[in-house]
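As a plain string of letters, each chain reads:
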Amino acid sequence: MRALRPGRARSPLLALVAFVFLFMYLPMILIMVFSFNSSQVTILPLEHFSLRWYQELFADSTILDSFTNTLVVGAVTVVISLVLGGTGAFALNRLQFRGKGVYEFIVTMPFVLPEIVTGLALLTFYTLLGIRLSLVTVTVGHVVFCLSVAVRTIGARLQSLPRSYEEASYDLGAGRLRTFFLVILPSIRTALFTAALLIFTISFDETVITIFTIGQENTLPMLIWAMMRRGFTPEVNAIATLTFVASLILIVIVGTRSKDQV
Amino acid sequence: MARPGTARQRISARGGRRLGQAGLLAPSSLWLAFFVVVPISILFLYSFWSSHNYKLIQVFTLANYRETFSDAVFRVVMWRTLRLAFLVTATTLVLGYPVAYFIARKVTQWKTLFYLLVIIPMWSSYLVRVYSWKAVLGEQGALNLLLLKLGILQQPSPIFLYNTFAVYLALVGSILPFMILPIYTSLEKIPASLIEASSDLGAGFWRTFAKVIFPLSLPGMLGGCTFTFVLVLGDFIASQLLGGPSGILIGKVIYGQFGLAFDWPLGAAMSFVLFAIVFTLIAIAGRFGALKEG
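Order-wise, the sequence lines are chains C and X.
Sequential numbering from 1 applies to the first sequence in the numbering used here.
Sequential numbering from 1001 applies to the second sequence in the numbering used here.
Because the hints were derived from the structure by calculation, they are not lab data.
Where is the CB? At the ideal position from N, CA and C, for every residue including glycine.
Please note that the accuracy of each hint is not assured.
To spell it out: a stretch of chain X is covered by chain C in this simulated footprint if at least three of its residues, at any positions, have a beta carbon under 8 Å from a beta carbon of chain C; those stretches are [what the hints assert, rightly or not]: (1) 1091–1099; (2) 1106–1118; (3) 1140–1149; (4) 1171–1178; (5) 1239–1252; (6) 1266–1273.
Sequences are here, hints too, so could you generate the full structure?
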């Protein structure tokens, strides 16, 4: 390959790659820098390094409450998505049933549709049925979106798992439950872990579906959304930095732990 | 101790299979029926109702669709959104392809790092990434500072924010990973032997690229383009935060019907027009096998 490439073609490619990564990361890096600036009006050049905005965030009880709400919604979303997505992926991979194509289509639909359509569909549904908007209605929305992630991640692992393992287990007299807990579950553990982290990350940052399904209590992105609409302030920069770093840590764990593409 | 299953045991296991099938399939099917199929049907139903003085009138009418297609504002915004979706798709393709190529075929040691650098912006908060462009384009942003330093501007200018160009930049920056990843996946799958065969047969780099690499990366490109296009069509966050009056996109108009304007049936009709466009695009892309990637 190298012999093929003209030597001079290398540097323009490198320059372009550097430019694209800069384009993707520079705005976020600036936000991070601004969040540590002591000045009230965030203008460069920076005044002094300060943790003032972070201290103010942590002193704000509404932020802490919405953070807790976000964690609870995320955890419940993960559990429901894994149970529904796991059984769904298993059915898709191991069973023959009518309407398989339709099932697959509907699972992936919320993932490919614009989130605004999914959010509005749920809003009209709740309203018509007289269901009060709350963190429960938000969680349902998150599961709807995350189900395809669970089905796809777990499904990919099941597909690569040789069926002979299960057959051997059945042949040795183990029942369905024993086979599931002793053979299948240990083999798909990594996929479950990956799916769980990814779903949690999505739920943690989910904004659009949440906007349409939220009630009185806020999640963190809702609070950030409200703050952002008020303007470009150091507090927003600080909270944006924190959410970005939290997602970054989760994604790095997912990306390095799993060989499957996410 | 469990003995190897006899034929009879295996048959009885098969007898329980129907129940097992239902048990596996039922939870997610019921969930999907109740929380995906029914809500989308209800949204569709809403689009045929009407709203009068903030009250819902549940009588069938095509007025919302008529209004959607005849409304000049909607048409202007729809065209703007489609044009922007096309521009963002073209830009991310041109910028993203070389990056995907670089990671798939040039990087050897640091592949995981580059892969992470692509998926971090992909899965982290879209809201935060869109907002971060205010740090570049805002009155107190980096661009203004640079222009002040260079003496081009005497005073910080607000003109870089709240227009379609600001939305365009933020969308390109935020959506790029959705273009890079599927292309990377399809490039990564090309066996090295294929490329070696091409060079052994005397093809130079560009010829190998044009005849082997590029055609095999087409499904990834199509997948990336579909994702990008759909993401722009559905956006209202970038439009709301950075667009201003001249950068209003269709998502924001729909959002407005459910907020201030409070005309849910009209908003429902508009979202179904959006739904139909997205659906057609995905169906076309799906026919070419694009959505199997990434």
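Tested hints:
1. 1091–1099: With 4 residues in contact (Cβ-Cβ under 8 Å with chain C), the coverage given for the stretch 1091–1099 of chain X holds.
2. 1106–1118: holds (count 5)
3. 1140–1149: holds (count 4)
4. 1171–1178: holds (count 4)
5. 1239–1252: With 3 residues in contact (Cβ-Cβ under 8 Å with chain C), the coverage given for the stretch 1239–1252 of chain X holds.
6. 1266–1273: Since 3 is at least three, the answer is holds.
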